[in-house]
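Protein chains in written order, with our numbering: chain A, 1 to 168; chain B, 1001 to 1712.
To be clear, the hints were calculated from the coordinates, so they are not data collected in a lab.
There may be inaccurate statements among the hints.
Said to hold, decoys possible - 27 angstroms max Cα-Cα, derived DSSO-like pairs, lysine-lysine:
(1) B:K1542 - B:K1217
(2) B:K1530 - B:K1587
(3) A:K24 - B:K1357
(4) B:K1630 - B:K1032
(5) A:K109 - B:K1094
(6) B:K1632 - B:K1032
(7) A:K33 - B:K1416
(8) A:K31 - B:K1413
(9) A:K33 - B:K1357
(10) B:K1357 - A:K31
(11) B:K1540 - B:K1530
(12) B:K1632 - B:K1249
(13) B:K1651 - B:K1670
(14) B:K1357 - A:K22
(15) B:K1416 - A:K31
(16) B:K1632 - B:K1672
(17) A:K33 - B:K1413
(18) B:K1094 - B:K1198
(19) B:K1510 - B:K1549
As the structure is a computational prediction, the values presented were derived from the model and not from experiment.
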Amino acid sequence: MAVRIDRKTIEELIDGTIDFYKLKELLSNFKDKDRFQTYLSILQERVPWDDPILLPAGLHLYIVQKENGDRIVKCDCGHEFCDYRDNWKLHALVYVRDTEEKMNELYPKLLAPDPEWQVIREYYCPGCASQLEVEAVAPWYPVLKDFEPDIDTFYEDWLGLPLPLGKK
Amino acid sequence: MEKNSQILAIDAGGTMTDTFIIDDQGEFVVGKAQSTPYDESIGLINSAKDALSYWDTSVETEFPKLLAGVYSGTAMLNRLVQRRGRRVGLIVNKGMEDFHRMGRAIQAYLGYSYSDRLHINTHRYDPPLVPGELTRGVTERVDLFGNVVIPLYEHEVEPAVRELLEMDVQAIVISLLHSYRYPAHERKVRDIAREMIKKSGKDIPVFASVDYYPVRKESHRTNTTIIEAYAADPSRETLKKINQRISEKGASFDLRVMASHGGTISIEANELARTLVSGPIGGVVGAKYLGELLGIPNIACSDIGGTSFDIALITQGDLSINPSPDMARLVLSLPLVAMDTVGAGAGSYVRVDPNYKSITLGPDSAGYRVGVCYPEGGVDTVTVSDCHVVLGLINPDNFLGGEVKLYPERAYKAVKEQIADPLGLSVEDAAYGVIDLLESQLRNYLESMILGKGYSPSQYVCFSYGGGGPLHTAGYTKGLGFDKVMVPAWAAGFSAFGCAAADFEYRYDKTLDINVDDGAADEIKLAAGKELLAAWEELKEKVGNEFVKNHFAMDDVDFRLYFRMQYQGQLNDLEIEAPIKDFQGVKDWDALIEAFEEVYTRVYAKAARSPELGYSITGAIVRGLVDVVKPKIPKEALSGEEPPKEAYLGKRKVYWKGEWTEVDIWEMEKLKAGNRIRAFSIIESPATTYVVPPGFETVLDEHRIFHLIEVD
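This is chain A alone, in the form it adopts within the complex (with noise of 0.2 angstroms):
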């Protein structure tokens, strides 16, 4: 039987002030069966709209449910993104620092990756300026996805419980 973890513990651990031992305890246990419920519940409270959420999709990130039954990517500003299945990066404000100048606004002369070598792409959301993502990758390479979550079998086969409902 894992150990009742109190809803005040989840609040600690999302906002990163969990003690470490509250948290290696947490770690080293089996999860405790409705942890995802009132993960979940903590992030809707905190966020000013209503959509149910489905899942976190990153800091500030959320795949809501609409009325229309669509599932989307929202921030917590409001702002949204596009449908879960699309990639949300592509909807984003990018700043990438790929000049010796722009690297050298954040790391010490000579510290930082060649520009040839490798980039920093940063992700901002049109609708509060928050930095979604950072991700140093070399120049060519893709914005690729960070997950593409099967909603459905998570929710029937992996939590058994009903998802909220939709139109769909």
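Starting from the known structure of chain A, fit chain B onto it as the hints suggest.
Positioned in the frame of chain A, the structure of chain B alone reads:
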């Protein structure tokens, strides 16, 4: 009847202080009292009073009769784990200031379960004993052969020491690379530091690693020397106070402390850090002593306590020693009695893996809080003890002599909700399954440990002790084919017995790197022997000086010389008692080689010997012993096989292999030597429960040791 107390053994734990007092007949009493961390002597005296009350006598009457006293406690370990030690400054090589906190890249997961070792997210470094801001570097470099590559920059020492003094350190530790091969630099830094401390008018100790642990591996050596300054030296004050309080009560002996190498040392000992861990060693030392008295050279020691199952092997009368163990999540250079531990004891938590529906045991445990059946413990996860209660193996009204009342209905409910229902089993079958799983895990573990060391169970006598040992002895020894299986009637107090039986013994180690090729010329062998002899002489003086502090003369000391040897280029060395007392010629070298190859053959195989690789001596060890009083073991006349009627306590129902069975219950203390108890029986004493299940019987011998015999 008037008692004649002889030996006092003290185990000062975090919550309880146990005392164990033995008289000249081998009889003993065990006392318990709340520990008093602010002044340990109070708890100790209370505990001794409690013990002696069973003999209707007092501390004032019995303490003057005592001939020896041995202490073991957890105060130093707690000081270390809770990082409540002294503010220590550290001086290392310039450029190497961070190695201490890097913990050899393994301290992040030491003490973790195997699954967490693989689960990197759980890894974390504890705060270092000495933080970076109290660490200073000085320039010097000695290579691994002991050559000076860069001389010591003496002008850098003074500012380093001054800055540490300005930051109000309470002790300074010096640890330089390869100092065990070339101690002069460390000692020079030490002397400069002492001089400066004197000038500043302060009084703080300086510890050079080479004066304490002249051995390879700088993380281990540095940690251990820091512990000496950080936790051990402050603990010396506590021990002195206890010693003083005991002598105020009329005791005339010098208190000794149980040390990790399996001997006891004085509270004045130079290297006190090795008294850090002593609890589980007690039992192994007791088993060795019992083996010596009974003429048993090979013993597999097995100990089940509340939190773990500990196994150690005694082979040809010798304990094996691990020269660089880890304790409290730190790598150390202390000789520690080699023990294998698995986190499965009577208090281990039992859970059902929600994903795979399998039962998991431990590794965490409720320890002294027993389980759900003990409401005061505040535990809500099922433990192994709860399963014992459900099955009827433990008497809930006579646990720890009735001091701890257990509630079977609570255990039943918890096992049902947490184990039985999720698995679709009856409560009894679930509890039985847990015990069965535990015993087969222990059995596999015990067997693999003996086979893995190149031996076979049939060469060993298995000793089973600890509060939880005898409950499972039959289960975990079944079918392994041990020569004999023995359960001392004083199983629960066996650790304390072992402490009381330990030698007064110092052991000092020194790293050497002496390489001699196969068929080397005589002068090379002679030079090698001379270097080994010089190391032995140095260590003998160190050991002898320790005994002088307790007013023994050098002549009183029985010195035993050891060396560590391996084939050149192999990774593992072996520790071997030297067949010579002095080194005079080439034939002495040949004797060393012969002794090494004999042990090598025993541990590995004759065909694996590789003399063509040549030989390396990797270390010298000296052990020095003096005679001390040891406990007698009980001896009584044999009576018949039929146990006396007054030992019979009646019947109890026990669930065993799918059905409730009527089991005979016996009172351990009332059984007589020579009695034979047949299955299915449970033999109870206040501190332990001994189960004789179907397929077994047991005989109590004249020393009050039960022999468990498989009859099927």
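Here's how the hints hold up against the structure:
1. Taking the CA atoms of K1542 (chain B) and K1217 (chain B), the gap is near 21 angstroms; set against the 27 angstroms cutoff, the hint holds.
2. Distance restraint check for K1530 (chain B) and K1587 (chain B): the Cα-Cα separation of roughly 13 angstroms lies within the 27 angstroms cut-off, and the hinted pair is therefore satisfied.
3. Under the criterion of a C-alpha separation no larger than 27 angstroms, the hint pairing K24 (chain A) with K1357 (chain B) is consistent with the structure, at around 23 angstroms.
4. At most 27 angstroms may separate the alpha-carbon atoms for a hinted pair to count; K1630 (chain B) and K1032 (chain B) meet this at roughly 22 angstroms.
5. At roughly 26 angstroms between alpha-carbon atoms, K109 (chain A) and K1094 (chain B) fall within 27 angstroms of each other, so this suggested pair holds.
6. In summary, the hint linking K1632 (chain B) to K1032 (chain B) is supported, as the alpha carbons are separated by about 22 angstroms, within the 27 angstroms threshold.
7. About 18 angstroms separates the Cα atoms of K33 (chain A) and K1416 (chain B), which keeps this hinted pair within 27 angstroms; it holds.
8. For the hint linking K31 (chain A) to K1413 (chain B), the alpha-carbon distance of about 22 angstroms falls within 27 angstroms, and the restraint holds.
9. For the given pair, K33 (chain A) sits about 14 angstroms from K1357 (chain B) by alpha-carbon distance, which is consistent with the 27 angstroms threshold.
10. About 13 angstroms separates the Cα atoms of K1357 (chain B) and K31 (chain A), which keeps this hinted pair within 27 angstroms; it holds.
11. The suggested pairing of K1540 (chain B) with K1530 (chain B) holds, with an alpha-carbon distance near 15 angstroms, which does not exceed 27 angstroms.
12. Proposed proximity of K1632 (chain B) and K1249 (chain B) is supported: the alpha carbons are some 24 angstroms apart, at most 27 angstroms.
13. Pair hint K1651 (chain B) plus K1670 (chain B) holds up; C-alpha atoms about 16 angstroms apart against a cutoff of 27 angstroms.
14. For the hint linking K1357 (chain B) to K22 (chain A), the alpha-carbon distance of about 25 angstroms falls within 27 angstroms, and the restraint holds.
15. Distance check on the hinted pair: K1416 (chain B) and K31 (chain A) sit about 20 angstroms apart at the alpha-carbon level, within 27 angstroms; holds.
16. Between the alpha carbons of K1632 (chain B) and K1672 (chain B) the distance comes to roughly 18 angstroms, so the proposed pair stays at or under 27 angstroms and holds.
17. Annotation: proposed proximity of K33 (chain A) to K1413 (chain B) holds, straight-line Cα distance about 20 angstroms (limit 27 angstroms).
18. For the hint pairing K1094 (chain B) with K1198 (chain B), the CA-to-CA distance comes to about 25 angstroms; that is within 27 angstroms, so the pair holds.
19. For a cut-off of 27 angstroms, the pair hint linking K1510 (chain B) to K1549 (chain B) stands: about 22 angstroms separates their Cα positions.
No hint from the list above goes unmet by this structure.
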